[in-house]
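Asks: Could you build the full structure based on these sequences and the hints that come with them?
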Amino acid sequence: MHVHRRERLVLLVFLIPSLLLLVVFLAVPALWAVYLSFTDRSLSGEQARHFSFIGLDNYLSLFQDPTFYQSLWLTLVFVFLSAIVGQFVLGLLAALLLNRKGLRGDALFSAAILMPLVVPETIAAYAWGSMLAPGSYGMANKLLGLIGLAPLDWLQQQPMAAIIIMNIWRGIAFAMIIFLAALQGISPEILEAAALDGAGAWQRLIYVTLPLLRYAILLYMLLTTIFTFGIFGLVYVLTAGGPGTETQILGIYIYQTSFRFFQLGYGSAAAVVTLLIALALGLFYVRALQTEGAT
Amino acid sequence: MIQAQQSVTQRSTKRVSRTRPGDVATYLVLAALSLFCLIPFAWLFEGAFDPKASLYLQLPSRLTLDNFERAFNQSGALTLLVNSLIMALGAVVIVVICASLAGYTLSRLQFRGKRALMYGILLAQLIPVTATIVPIYSIFIALHLVDTYQGMILILATYQLPLALWIMKSFFDAVPPEIEEAAWTDGAGRFRAIYAIIVPLALPGVSAAALFTFINAWGEFTLPLILLSSQDKLPLSLGIYRSFQAYYLVDYGQLTAMSLLYMAPSLLFFLVTRRYLTRVTVVGATAG
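Chains as they are written, first to last, in this note's numbering: chain A, 62 to 356; chain B, 39 to 326.
FYI, nobody ran anything at the bench for these hints, they're computed from the structure.
Where hints are given, some of them may not hold.
Stated by the list, open to error - Restricting the straight-line Cα-Cα distance to at most 25 Å, the calculated cross-link-like pairs of lysine to any residue (SDA-like) are:
id: 1; chain 1: B; residue 1: Lys90; chain 2: B; residue 2: Asp289
id: 2; chain 1: B; residue 1: Lys271; chain 2: A; residue 2: Arg275
id: 3; chain 1: A; residue 1: Lys162; chain 2: A; residue 2: Leu271
id: 4; chain 1: A; residue 1: Lys203; chain 2: B; residue 2: Pro98
id: 5; chain 1: A; residue 1: Lys203; chain 2: B; residue 2: Leu97
id: 6; chain 1: B; residue 1: Lys90; chain 2: A; residue 2: Glu68
id: 7; chain 1: A; residue 1: Lys203; chain 2: B; residue 2: Ser99
id: 8; chain 1: B; residue 1: Lys152; chain 2: A; residue 2: Ala88
id: 9; chain 1: B; residue 1: Lys90; chain 2: A; residue 2: Leu204
id: 10; chain 1: B; residue 1: Lys271; chain 2: B; residue 2: Val288
id: 11; chain 1: A; residue 1: Lys162; chain 2: B; residue 2: Thr319
id: 12; chain 1: B; residue 1: Lys152; chain 2: A; residue 2: Leu81
id: 13; chain 1: B; residue 1: Lys152; chain 2: B; residue 2: Glu219
id: 14; chain 1: A; residue 1: Lys162; chain 2: B; residue 2: Val320
id: 15; chain 1: B; residue 1: Lys152; chain 2: A; residue 2: Glu68
id: 16; chain 1: B; residue 1: Lys152; chain 2: A; residue 2: Val85
id: 17; chain 1: B; residue 1: Lys152; chain 2: A; residue 2: Leu92
id: 18; chain 1: B; residue 1: Lys152; chain 2: A; residue 2: Val347
id: 19; chain 1: A; residue 1: Lys162; chain 2: B; residue 2: Val67
id: 20; chain 1: A; residue 1: Lys203; chain 2: B; residue 2: Leu93
id: 21; chain 1: B; residue 1: Lys152; chain 2: A; residue 2: Leu342
id: 22; chain 1: B; residue 1: Lys152; chain 2: B; residue 2: Ile217
id: 23; chain 1: B; residue 1: Lys152; chain 2: A; residue 2: Ala91
id: 24; chain 1: B; residue 1: Lys152; chain 2: A; residue 2: Phe345
As the list claims (entries may be wrong) - Short derived list, chain B residues pointing at chain A, Cβ under 10 Å:
id: 25; residue: Val62
id: 26; residue: Ala63
id: 27; residue: Cys75
id: 28; residue: Ser92
id: 29; residue: Ile124
id: 30; residue: Cys136
id: 31; residue: Thr170
id: 32; residue: Val172
id: 33; residue: Ile177
id: 34; residue: Leu199
id: 35; residue: Gly227
id: 36; residue: Leu241
id: 37; residue: Val244
id: 38; residue: Ile253
id: 39; residue: Phe259
For glycine and all other residues, C-beta sits at the position ideal for the given N, C-alpha and C.
Replies: Right under this line is the structure:
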């Protein structure tokens with residue numbers, strides 16, 4: 062569409078407020094995190110104002126710190142079991158079932174599945190605090206009782222399982238939305254043709270539907286990994302990283318070192334590691350979008 | 039299109055009349071998933087009205103509103119509610135203004151580096167708060183924004199801006215430029231045409247962006263945890279957390295009552311936005 066030179070200038074000015082916010086509060090902080098990670102700045106006291114450049118020291122100590130490795134490992138386990146396996150399998154299952162023709166009550170089912178994602182994360186954490194409460198009155202323990210198992214003190218004995226189950230519960234809906242949209246893009250003729258050729262339901266799923274979903278699956282995997290790496294509040298409110306450091310995922314590690322132990326420089330080094338992971342996966346994701354957009 | 043719809047309805051009416059072998063299993067699995075998703079909420083709804091609320095889901099002996107009364111009288115729920123509203127609505131105003139302006143330009147104007155800018159915005163949406171919170175704290179100290187409403191509003195808006203920009207661009211893209219051009223030939227200038235024609239047509243986009251911003255800002259926990267300190271400025275997310283972290287013996291009636299109060303707008307939003315939810319998520323996830 063034709064644009065006059067003067068209009069062009071006004072339209073470019075329209076971009077300024079947004080760019081200003083994104084630069085000042087997103088781009089600058091991301092770069093500043095890299096800078097801080099090379100200093101010994103602390104949150105308070107003398108070193109808050111007079112800090113010095115210490116090169117790679119923060120990274121060297123970070124990679125010698127067993128609690129950092131532990132936290133990196135816990136984060137990987139958390140991402141893999143809750144997002145890559147749990148949310149993916151249940152979300153895809155929900156999408157496949159809700160996509161069946163002639164299903165009644167699909168609006169009710171999807172509303173129920175969306176609820177955990179819609180409420181604030183602190184609410185989700187409180188709800189699971191009650192679900193996983195110790196003793197035989199806790200809901201999770203009642204379920205264990207039904208299959209004849211002894212009650213657990215979940216947050217003390219199985220804290221990782223606790224936060225993984227909670228996060229699966231919260232994220233089924235995201236996978237469901239992505240896959241339902243992708244499934245609705247598959248023309249029924251393809252599946253009907255496969256059925257006419259004698260393919261059973263399982264064969265249609267494995268050889269027709271899933272290959273057609275591979276792009277949606279790739280995007281979902283990248284996004285959910287990035288989002289799950291960044292989780293903080295959900296887990297912090299339920300366990301505060303404990304008992305000890307048993308659920309101290311990366312977000313909590315950064316918070317503890319920076320704002321509890323006041324080592325801003327050191328905390329920033331851990332933040333930069335998170336940032337690099339997010340950006341690397343993010344660039345891969347943008348590339349995937351571009352290549353798929355081209356075909 | 040109409041033909042396709044007809045054939046779908048025909049197919050589905052035909053299928054409803056007879057039960058397929060997988061149907062029972064389908065309903066059972068969906069019911070189990072729904073139950074798994076809903077059960078954790080039961081305690082919040084029960085405890086809020088139970089005079090003897092505990093950490094466990096139980097049958098209440100009678101129902102009461104006392105828990106809500108105590109939440110307002112003892113825990114300052116009203117202040118928390120007002121703070122949450124100020125911050126979330128403030129963020130909505132800023133995001134709607136910024137994203138409408140920039141969204142229009144991104145939709146209509148071709149300029150060098152636009153593609154890179156769009157993907158940069160998409161990437162910005164993926165940066166976790168935890169990765170930038172330390173420098174944000176430093177910037178807030180430098181700009182004297184720590185513990186202020188203005189600071190919270192700006193930072194909440196920034197974090198919602200990338201998604202809102204994509205939403206607005208996609209809604210403007212859906213308005214054909216021909217409609218605008220027709221208005222110009224009728225003698226209206228570009229900016230008059232935007233006001234008279236584009237704004238009404240893009241209104242669903244604005245409301246989608248506004249609702250998503252509101253609800254994400256409303257639920258934010260990490261940013262206020264680090265950037266606010268005065269008790270009288272805390273939003274609900276943090277106020278509830280702080281008041282129940284402080285006591286050894288928790289008043290579960292109050293905790294659940296305040297939680298219901300806090301999640302009510304989210305549920306309301308959910309009812310309003312169900313029709314946008316899929317589209318916005320897909321726009322945010324697949325860039326179109």
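Asks: Now tell me if each hint is right for this structure.
Replies: We went through each hint and held it up to the structure:
Distance check on the hinted pair: Lys90 (chain B) and Asp289 (chain B) sit about 9 Å apart at the alpha-carbon level, within 25 Å; holds. Restraint check: the Cα-Cα separation between Lys271 (chain B) and Arg275 (chain A) comes to about 47 Å, which exceeds 25 Å; the hinted pair is violated. The suggested pairing of Lys162 (chain A) with Leu271 (chain A) holds, with an alpha-carbon distance near 18 Å, which does not exceed 25 Å. At most 25 Å may separate the alpha-carbon atoms for a hinted pair to count; Lys203 (chain A) and Pro98 (chain B) meet this at roughly 18 Å.
Restraint check for Lys203 (chain A) and Leu97 (chain B): satisfied, since their Cα atoms lie roughly 15 Å apart, inside the 25 Å limit. For the hint linking Lys90 (chain B) to Glu68 (chain A), the alpha-carbon distance of about 66 Å lies beyond 25 Å, and the restraint is violated. Between Lys203 (chain A) and Ser99 (chain B), the direct Cα distance comes to roughly 21 Å. Compliance with the 25 Å bound is thereby established for this hinted pair. Straight-line distance between C-alpha atoms of Lys152 (chain B) and Ala88 (chain A) comes to about 17 Å, which keeps the hinted pair within the 25 Å bound.
Pair hint Lys90 (chain B) plus Leu204 (chain A) holds up; C-alpha atoms about 24 Å apart against a cutoff of 25 Å. Simply put, Lys271 (chain B) and Val288 (chain B) have alpha-carbon atoms about 23 Å apart, close enough for the 25 Å limit, and the pair holds. Taking the CA atoms of Lys162 (chain A) and Thr319 (chain B), the gap is about 23 Å. The hint holds against a cut of 25 Å. As the CA atoms of Lys152 (chain B) and Leu81 (chain A) are separated by approximately 16 Å, the hinted pair is consistent with the 25 Å bound.
With a CA separation close to 23 Å, the supplied pair Lys152 (chain B) and Glu219 (chain B) stays within the 25 Å bound. For the proposed pair Lys162 (chain A) and Val320 (chain B), the alpha carbon gap of about 22 Å is at most 25 Å, so the pair holds. Among the hinted pairs, Lys152 (chain B) with Glu68 (chain A) is consistent with the structure: their alpha-carbon atoms are about 17 Å apart, no more than 25 Å. Under the criterion of a C-alpha separation no larger than 25 Å, the hint pairing Lys152 (chain B) with Val85 (chain A) is consistent with the structure, at around 20 Å.
Taking the CA atoms of Lys152 (chain B) and Leu92 (chain A), the gap is near 22 Å; set against the 25 Å cutoff, the hint holds. Pair hint Lys152 (chain B) plus Val347 (chain A) holds up; C-alpha atoms about 15 Å apart against a cutoff of 25 Å. For the suggested pair Lys162 (chain A) and Val67 (chain B), the alpha carbons sit about 16 Å apart, so the restraint of at most 25 Å is met. Proposed proximity of Lys203 (chain A) and Leu93 (chain B) is supported: the alpha carbons are some 14 Å apart, at most 25 Å.
A C-alpha spacing of about 22 Å is found between Lys152 (chain B) and Leu342 (chain A), which places the hinted pair at or below 25 Å, so the restraint holds. Restraint check for Lys152 (chain B) and Ile217 (chain B): the C-alpha separation of about 24 Å stays at or below 25 Å, so the hint holds. With a C-alpha separation of about 22 Å, the suggested pair Lys152 (chain B) and Ala91 (chain A) falls inside the 25 Å cut-off, and the hint holds. Using a Cα cut-off of 25 Å, the hinted pair Lys152 (chain B) and Phe345 (chain A) holds, with the two alpha carbons roughly 19 Å apart.
Nearest Cβ of chain A to the Cβ of Val62 (chain B): about 12 Å, over the 10 Å cut. The hint is violated. Checking Ala63 (chain B) against chain A: minimum C-beta separation of about 9 Å stays under 10 Å; hint holds. Interface restraint check for Cys75 (chain B): the shortest CB-CB distance to chain A comes to about 5 Å, inside 10 Å, so the restraint holds. For the restraint placing Ser92 (chain B) at the interface with chain A, the shortest Cβ-Cβ distance is roughly 8 Å, inside the 10 Å limit, so the hint holds.
The beta carbon of Ile124 (chain B) comes no nearer than 17 Å to any beta carbon in chain A, farther than 10 Å, and the hint placing it at the interface is violated. Given hint, Cys136 (chain B) at the interface with chain A, holds; its Cβ is 4 Å from that chain's nearest Cβ, closer than 10 Å. Because the closest C-beta pair between Thr170 (chain B) and chain A is about 4 Å apart, less than 10 Å, the hint holds. Interface restraint check for Val172 (chain B): the shortest CB-CB distance to chain A comes to about 5 Å, inside 10 Å, so the restraint holds.
Contact between Ile177 (chain B) and chain A, as hinted, is supported at the beta carbon level, the nearest pair being about 6 Å apart and thus within 10 Å. At its closest, the beta carbon of Leu199 (chain B) sits 6 Å from a beta carbon of chain A; the interface hint therefore holds under the 10 Å criterion. Because the beta carbon of Gly227 (chain B) sits about 9 Å from the nearest beta carbon in chain A, less than 10 Å, this interface hint is met. Because the closest C-beta pair between Leu241 (chain B) and chain A is about 18 Å apart, greater than 10 Å, the hint is violated.
A least Cβ separation of about 15 Å between Val244 (chain B) and chain A goes past the 10 Å threshold, and the interface hint is therefore violated. Evaluation of the Ile253 (chain B) hint against chain A yields a held restraint, the C-beta minimum of about 8 Å falling below 10 Å. Annotation: interface hint on Phe259 (chain B) holds; nearest CB of chain A at approximately 4 Å, less than 10 Å.
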